[in-house]
Amino acid sequence: MRDLVLFAHIILGLVLIVFPTLILLYLKKKPRWLRLLSFLTAAISWILLLPAGKLYLTFYPATKTLIKAGAWPWVHSILMETKEHWGLLLPIITTTAAGLVFMGREKESKKWWILTIILSILLGVLGRIIKIGALK
Amino acid sequence: MAKFNFYLSTIASVWLLLILIIGAELIEPFKTSLKTIFGHHWIGKAVIITVIFLAVGFLFRNKKSVGKFQQDKIAWYSTISSLIGILLFFVMEYFR
Chain E
142 MRDLVLFAHI
152 ILGLVLIVFP
162 TLILLYLKKK
172 PRWLRLLSFL
182 TAAISWILLL
192 PAGKLYLTFY
202 PATKTLIKAG
212 AWPWVHSILM
222 ETKEHWGLLL
232 PIITTTAAGL
242 VFMGREKESK
252 KWWILTIILS
262 ILLGVLGRII
272 KIGALK
Chain Z
677 MAKFNFYLST
687 IASVWLLLIL
697 IIGAELIEPF
707 KTSLKTIFGH
717 HWIGKAVIIT
727 VIFLAVGFLF
737 RNKKSVGKFQ
747 QDKIAWYSTI
757 SSLIGILLFF
767 VMEYFR
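Top line first, the protein sequences correspond to chains E and Z. Using this note's numbering, the letters of the first sequence map in sequence onto residues 142 to 277. Using this note's numbering, the letters of the second sequence map in sequence onto residues 677 to 772.
To be clear, the hints were calculated from the coordinates, so they are not data collected in a lab. One or more of the hints may lead you astray.
Covered stretches of chain Z, as calculated for chain E (at least 3 residues, CB under 8 Å) [as the list claims (entries may be wrong)]:
no.	stretch
1	702-712
2	760-767
Computed far set for chain Z versus chain E, every beta-carbon distance over 12 Å [what the hints assert, rightly or not]:
no.	residue
3	735
4	739
5	771
Backbone N, C-alpha and C fix where the C-beta goes; we use that ideal spot for every residue, glycine too.
In isolation and in its complexed conformation, chain E is listed as follows (with noise of 0.2 Å):
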């Protein structure tokens, strides 16, 4: 159950990696599919709430417990903390982004897409430096 919900919550992070940077590789031509890929990038975004707060509050608890325990138990006070946080962000962000290619402002969704990468990518590197800080 816990490698089910951690690969679900990985590949829908690494999807909102990839979406973002198709659809800035084609923002000033317009495809067709761009309103759609917004649309499911942003519905993605959501949905890894679901894999995230499983982890969180089913299964890092044991984490939290072995990193407080350990030699770096700022991984949990700072990292995870932020991370947790950071994360409930990461779905305005990336609606707001898909929000604006709706009303046909694609210029503007450009900072909004490249944040959502960005976080994305922070989120993923905060994530394996925690599991490394279980280990210490």
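Chain E is fixed; fit chain Z onto it per the hints.
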């Protein structure tokens, strides 16, 4: 007529999240209330900012500006400030 004001809804929810985070960490009864009502403080914050995002977006769908400022710039800088503010707050909390 716009159907949704994405910028104002973003401004409201990103600042509200920062306020909820600081409030929950510094005022224990507030964190406990979130846990009691929603089962977990994280779920509480997620539900509250989502509701505010939707409500503000619909209610202010025709509002074009915030005073003399452009909404897009305020939304952008609010989001960046909230992201940095969250990180800085937890760094300060760790060393407090």
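Practice item. With a C-beta cutoff of 8 Å, work out whether three or more residues of the stretch 760-767 of chain Z approach chain E closely enough for the coverage to hold. Key: n = 4 at 8 Å, threshold three: holds.
**Study point:** Given as non-interface: residue 771 (chain Z), partner chain E, CB spacing beyond 12 Å
**Key:** 9 Å, violated
**Study point:** Outside-interface status for residue 735 (chain Z) - nearest CB in chain E farther than 12 Å
**Key:** The assertion about residue 735 (chain Z) holds, with a minimum of 16 Å to chain E.
Check your understanding: Closest CB-CB distance from residue 739 (chain Z) to chain E, is it above 12 Å?
Key -> 14 Å, holds
Review point. Counting residues of the stretch 702-712 of chain Z with a beta carbon closer than 8 Å to any beta carbon of chain E, are there 3 or more?
Key: Coverage by chain E is violated for the stretch 702-712 of chain Z (0 residues, Cβ < 8 Å).
In terms of the numbered hints stated before, the structure departs from hints 1 and 5, listed from lowest to highest.
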